[in-house]
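In order, the protein sequence lines correspond to chains A and B.
Each residue of the first sequence is one higher than the one before, starting from 1 at the first, in the UniProt record's numbering.
Each residue of the second sequence is one higher than the one before, starting from 1 at the first, in the UniProt record's numbering.
What the hints contain is simulated information worked out from the structure, not anything from laboratory work.
Incorrect hints may appear among the rest.
[Unchecked claim] Label-pair distances were calculated between CB atoms; the ranges are: (1) Arg127(A) <-> Asp153(B): 49 to 55 Å; (2) Glu119(A) <-> His133(B): 42 to 48 Å; (3) Ala64(B) <-> Glu20(A): 46 to 52 Å; (4) Asn173(A) <-> Gln152(B): 45 to 51 Å; (5) Pro186(B) <-> Val67(A): 42 to 48 Å; (6) Ala122(B) <-> His60(A): 38 to 44 Å; (7) Pro186(B) <-> His60(A): 25 to 31 Å; (8) Glu20(A) <-> Asp16(B): 34 to 40 Å; (9) Asp153(B) <-> Gln35(A): 22 to 28 Å.
[Said to hold, decoys possible] Computed list of chain A residues with no C-beta within reach of chain B, every gap over 12 Å: (10) Met19; (11) Glu42; (12) Pro82; (13) Glu119; (14) Ala150.
Glycine included, each C-beta is placed from N, C-alpha and C at the ideal position.
Number of protein chains: 2
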Amino acid sequence: MMENSNNSQHISHKFDQEMESLRNQVLKMGGLVEQQIAGAIESLQSVNAAGAEEIILRDHKVNALEVTIDESCTQILARRQPAASDLRMVVAVIKTITDLERIGDEAEKIAKMALNLAEDDAGFSSRYSGITHLGDHVRQMVHDVLDAYARQDVDAAIKVVRSDDKADEEYQNLMRLLITFMMEDPRRISEVLDVVWAARALERIGDHAKNIGEYVIYLVKGKDIRHLDLDEVEKDILS
Amino acid sequence: MMENSNNSQHISHKFDQEMESLRNQVLKMGGLVEQQIAGAIESLQSVNAAGAEEIILRDHKVNALEVTIDESCTQILARRQPAASDLRMVVAVIKTITDLERIGDEAEKIAKMALNLAEDDAGFSSRYSGITHLGDHVRQMVHDVLDAYARQDVDAAIKVVRSDDKADEEYQNLMRLLITFMMEDPRRISEVLDVVWAARALERIGDHAKNIGEYVIYLVKGKDIRHLDLDEVEKDILS
């Protein structure tokens with residue numbers, strides 16, 4: 001009996017270690033993705049071709065992390081057959097890393113737009129500064145949602161989900177402005193469109209951060225809040 | 001002993017039924033998503049506001065199916081603790097329905113662009129016909145990848161993954177044309193941009209079909225081919 005109990009304690013300890021390692025891998029992937037966003041925006045603002053190329057090359061590291069973590073999840077499911085909250089954790093990780101990988105793709109797209117601007121010998125006009133604000137906003141969303149994930153903080157996750165509305169609004173305002181620029185100076189349509197694509201990529205990064213926020217809520221509360229009214233969810237969760 | 005064996009046969013039969021039902025639910029969701037794409041493109045071509053609104057309203061059905069199937073997956077993981085190929089199947093379903101749901105979102109975006117065109121009293125110029133071709137192409141990709149999923153056909157899945165390059169090329173050509181239109185007639189930039197967004201949505205639908213193709217390969221071969229060179233993968237799989 002004693003031996004059995006030790007043995008099961010040993011297994012449970014190893015399992016805890018595996019779950020902890022899984023969590024750390026996700027945070028590592030998230031940290032890398034945050035760096036990629038910051039670097040991509042920086043390369044766009046400074047129209048820095050060398051910096052942009054670095055970002056593009058580094059995307060494979062994000063992809064490699066996704067594949068590794070995916071394998072860890074499948075192995076844990078197969079060997080540990082986790083239940084209840086551990087199972088929700090693994091399912092949430094499978095979903096989270098898909099969004100992190102796509103955030104990495106969007107950062108890569110922004111870097112490609114920086115390359116385009118550099119090739120066209122176009123500068124980053126101060127008129128595009130709205131994209132810097134949008135960039136700061138969605139980067140903060142990604143940072144906050146990873147923080148909410150690490151601390152399993154539902155309130156912080158709901159905040160991120162809500163703040164996506166503000167990102168969408170900033171994006172809409174920026175788009176209206178960019179359309180005006182195109183109309184004023186049709187010869188620069190191509191150049192402005194590069195900024196349009198970068199803005200679109202940032203808007204999608206906000207969407208992905210929101211998705212991850214919803215997984216955090218599912219993870220902690222066991223409640224799938226996608227496609228539901230947020231006020232109802234909040235009332236329900238807080239009650 | 002006899003009773004036990006009957007019992008385990010009974011459980012295994014019920015498990016098979018659950019897996020079969022899961023597969024059918026995914027195909028049902030896929031069929032609905034195909035209809036949404038077709039309806040969205042149709043509403044865009046005919047600038048049909050009523051048709052577009054129907055598509056937008058129907059998106060909640062796609063979302064509801066995602067939540068239902070997600071719950072089925074978590075329940076199967078918790079109660080059945082599937083191993084090997086069954087486990088891969090469940091993980092592939094979790095990923096597939098995320099992409100199907102996002103295809104639904106893109107179809108909704110296309111319908112919104114049709115609404116915009118209708119509100120601006122703009123027609124669907126025959127100059128935009130490239131978007132119809134791109135639409136047919138990506139709708140076929142979604143159809144083929146669901147077929148490959150239903151028949152667990154790796155060759156068909158590889159074909160879909162490969163054909164995404166052609167969709168990207170069609171998209172690039174269309175974009176160049178649309179930029180020319182904007183330069184020629186800056187007063188219509190807003191109108192053309194609606195077509196640009198619809199084209200972008202179609203291009204993303206192609207990406208999602210490609211993702212699902214990769215899950216089919218993972219499902220059948222137990223091999224994660226994302227981010228790998230396709231020639232290598234094909235050689236490896238066929239060998």
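Verification of the supplied hints:
1. As the Cβ distance of Arg127(A) to Asp153(B) is approximately 52 Å, the hint placing it in 49 to 55 Å holds.
2. Between Glu119(A) and His133(B) the CB atoms are about 29 Å apart, so this pair departs from the stated range of 42 to 48 Å.
3. Look at Ala64(B) against Glu20(A): about 35 Å separates their beta carbons, and that is not inside 46 to 52 Å.
4. Our hint of 45 to 51 Å for Asn173(A) and Gln152(B) holds, since their Cβ atoms are close to 48 Å apart.
5. Range check, Pro186(B) to Val67(A): Cβ separation about 46 Å, and the 42 to 48 Å hint holds.
6. A beta carbon spacing of about 43 Å between Ala122(B) and His60(A) agrees with the range 38 to 44 Å that was offered as a hint.
7. The hint said 25 to 31 Å for the Cβ distance between Pro186(B) and His60(A), and at roughly 40 Å that hint is violated.
8. Look at Glu20(A) against Asp16(B): about 36 Å separates their beta carbons, and that is inside 34 to 40 Å.
9. Here the CB-CB span from Asp153(B) to Gln35(A) is close to 40 Å, at odds with the stated 22 to 28 Å.
10. At roughly 15 Å from the closest C-beta of chain B, the C-beta of Met19(A) stays outside 12 Å, upholding its exclusion from the interface.
11. Non-interface call for Glu42(A) relative to chain B: holds, since the shortest CB-CB distance, roughly 25 Å, exceeds 12 Å.
12. At roughly 8 Å, the least C-beta separation between Pro82(A) and chain B is not larger than 12 Å, which violates its mark as non-interface.
13. Look at Glu119(A): its CB is around 16 Å from the nearest CB on chain B, clear of 12 Å, so calling it non-interface holds up.
14. With a minimum CB-CB distance of about 23 Å to chain B, Ala150(A) clears the 12 Å threshold, and the non-interface call stands.
Of the numbered hints given earlier, the model fails hints 2, 3, 7, 9 and 12; all others are met.
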